[in-house]
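Produce the entire structure from the sequences given, and follow the hints as far as they go.
Counting in my numbering, the first sequence runs from 22 upward without gaps.
Treat the hints as calculated values from the structure; they're not laboratory data.
Hints may contain errors.
[Claimed, not checked] Capping the alpha-carbon separation at 20 Å, the derived lysine to any residue pairs in SDA-like fashion look like this: (1) 359 x 95; (2) 466 x 259; (3) 439 x 486; (4) 398 x 375; (5) 305 x 439; (6) 359 x 419; (7) 61 x 259; (8) 259 x 375.
[As the list claims (entries may be wrong)] Using C-beta positions, here's what the derived DEER-type ranges look like: (9) 259 x 69: 50 to 60 Å; (10) 37 x 361: 42 to 52 Å; (11) 41 x 493: 35 to 45 Å; (12) 116 x 440: 47 to 57 Å; (13) 59 x 481: 13 to 23 Å; (14) 41 x 166: 15 to 25 Å; (15) 47 x 85: 28 to 38 Å; (16) 407 x 259: 49 to 59 Å; (17) 85 x 333: 33 to 43 Å; (18) 434 x 190: 54 to 64 Å; (19) 407 x 102: 26 to 36 Å.
Because the structure is a prediction, the values reported are computed rather than measured.
Glycine included, each C-beta is placed from N, C-alpha and C at the ideal position.
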Amino acid sequence: MAKTKGLTSQQEDFSAWYNEIVYKADLADLSPVRGSMVIKPYGYALWEHIQRSLDDMFKATGHDNLYFPMLIPISFFEREAEHVEGFSPELAVVTHAGGKELEEPLAIRPTSETIIGEMYSKWVQSYRDLPLLYNQWCNVMRWEMRTRPFLRTTEFLWQEGHTAHATAEEAMAETTQMVNVYADFAENFAAIPVIKGEKTEGERFAGALVTYTIEAMMRDSKALQSGTSHYMGTNFSKAFDISFNDVNNEQAYAFTTSWGLSTRMIGAIIMAHGDDKGLIMPPKIAPHQVVIVPIYRKDDQLAKDQVMAAVDELAGQLRDQAVRVKVDSRGGMSPGWKFNEWEQKGVPLRLELGPKDLEAGEVVIANRLKENKETVKLAEASSVVVSALKQFHDDLYERARVFRDERSFVVDDYESFKEKVAQGWVHINHCGKPACEEAIQEETKATPRCIPFVGPETDGPCVRCAEASAYPRKVIFAKAY
RNA sequence: CGGGGCGUAGCGCAGUCUGGUAGCGCACCUGCUUUGGGAGCAGGGGGUCGUUGGUUCGAAUCCAGCCGCCCCGACCA
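Shown next, in the form of C-alpha cells:
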C-alpha cells in the first residue's frame, strides 16, 4: 500500500521524485511517441495561467500576437551559418505528403526565426514600417537525444517573440526589456527568484550576438534556464534581406530580437517549489487557489444539505473576490484521501467544512506551505483567504530565495570552486574562453550559467587558468538541466 | 550515440533460474457497514504474458532475431 501511494523523497532520488510527481499530480502522461507527452488538464490549466499572465505583459509592452505556419522549407535553415549548425541535428523533416515525395523537404519548426525573417523581409520597406513587435504562441519540435517531461520534450509549447528595429540601440533595449518581463513573471507570478544575466559566448543562442537569460535554482541546487531573450544584430536580416530605406534614403538592415519562454516553466515550478508531499503551486497561477472539502456522513442527509449549502455560499463569496475555488464534492472517498490528493497537487489553501464547524460557525483553513491548520469564523473566511493567498506567494518566494542564497558562493581559488560547485552556484572570475569552460565542465559537470547583471565584481584573473578575466562581473557556474 | 534496466490486467509488480491450469497489491464494478488525515468486509469483471520464428507432447518460462520504452551520461529551452 505504502509503495503505491508514496512518493520517492527528493533527497533519496530527486530525478525519480520529479518523474513520479509529474504523473501522480496528473500534470501529464506519456504519449506513444518517444519523448513526447500529453499535457493533462491540471498541467494545461497551469500553462493557461502562465500564458494569460505573460500575454498581458507582452501586450502592455506594445506587442501583438500573430501566427506563422509550422512547416518551413529546409533550405531556410542554411541561410544563417550558426543557426544551421545549431539546429540541423535536431530537425524533424517532412519528406512525403499527399502520397508523394516532396520536391523540397519541409522542416517542422524548431523555432521560427527563419520563416519569420522571410516574411519580415516582405513587410519592411521603410523605416516607417519599423519596429515590428510580434509574438506567437505555438508548438515547436526539437529531436533531442534525451527527453524529460516538461524540461525537454520533442514537441513543446512556448511563445516566441520576434521584433525588428531600425537601430541597434532600440533592438538592445527590446532585448533587455523582455528579459526583465520574464524575470518579473518568474518572481511575481511563479514565485521563483531568478538571476538575470548574459550568456557567455559558448552558451549563446545559435545566431545571436547577445543572449540574456533568467536562471532559477531547483531544490536539488541545480540551475534551470527558464527564459531567454536574444539580440541578433543584423545576422538574420542579412540572411533574409530584412532591409529598408532609412530617413536619409539609404539602404539599411533591420536589427532583430527574439525571446521565448516554454512549458519548461512548468518544470521550474515543480522543481523550485515542490517537496516530499508533492507540488506546491504558486497562488497567482495555480489552477485552483483554494479547494474546499465538505465533510459529512452519507446517511445524514440533513447535515449533508446544510454543509453543502454553507460550502456553496463560501465558494460564492470567494469567487466574488476573484479567488479560483474548487469544491471537491466527490462521493465515495474519505476526507483524508482528498486531503492527501490536493496536497500532492499543491493547492495552496484547503478549507475543511463539516457539521462541527458549521455548528461553531467556523471553517478550517489548511496551508500547504506552513503545513498547519487554523480555524476562522465563516463570516471572515473570504477576507482571510484573500490575504492568506497574498502571504502565501510572498512566503513561497522567500523560501526559494533563502534556499538559493544559502547555496550560492563566491570563491577565489579553483579547489574551493570544485568543492562549492557540488553544493550549488558559484561566482568566479572567468576568462570566458570556450576551452576553459569545457575543461571546467569536464572536471565538475558545471557550466557557466550567466554573467549576472547585478553581482560581485571581477577582482582578478580566471580562477581556473589564471588568464585575464573577460567580464566586469564574476560568472556564475552551476550544474544545470 | 555510449552504458544500464525493463516489456505479464488500467497502474505497480511476482512467476522465468528448475517448461506442466495466469498470480499478487492498488484501481475498477455490486452490496452492506463507513466517512474530521490515503476505510472495512463479502462477491465480481478484466490477460492473444512486446513481436516473429525455432526447440518440445506441452513455452510467460529454453534458443535466435526484431521492436519498443525507461533510467544514467554526452547534446539542448
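Hint check results:
no.: 1; hint: 359 x 95; result: violated, 51 Å
no.: 2; hint: 466 x 259; result: violated, 37 Å
no.: 3; hint: 439 x 486; result: holds, 14 Å
no.: 4; hint: 398 x 375; result: holds, 13 Å
no.: 5; hint: 305 x 439; result: violated, 38 Å
no.: 6; hint: 359 x 419; result: violated, 28 Å
no.: 7; hint: 61 x 259; result: violated, 42 Å
no.: 8; hint: 259 x 375; result: violated, 68 Å
no.: 9; hint: 259 x 69: 50 to 60 Å; result: violated, 38 Å
no.: 10; hint: 37 x 361: 42 to 52 Å; result: violated, 19 Å
no.: 11; hint: 41 x 493: 35 to 45 Å; result: holds, 43 Å
no.: 12; hint: 116 x 440: 47 to 57 Å; result: holds, 51 Å
no.: 13; hint: 59 x 481: 13 to 23 Å; result: violated, 51 Å
no.: 14; hint: 41 x 166: 15 to 25 Å; result: holds, 23 Å
no.: 15; hint: 47 x 85: 28 to 38 Å; result: holds, 35 Å
no.: 16; hint: 407 x 259: 49 to 59 Å; result: holds, 53 Å
no.: 17; hint: 85 x 333: 33 to 43 Å; result: holds, 41 Å
no.: 18; hint: 434 x 190: 54 to 64 Å; result: violated, 40 Å
no.: 19; hint: 407 x 102: 26 to 36 Å; result: violated, 55 Å
The structure fails hints 1, 2, 5, 6, 7, 8, 9, 10, 13, 18, 19 (numbered hints given earlier, in ascending order).
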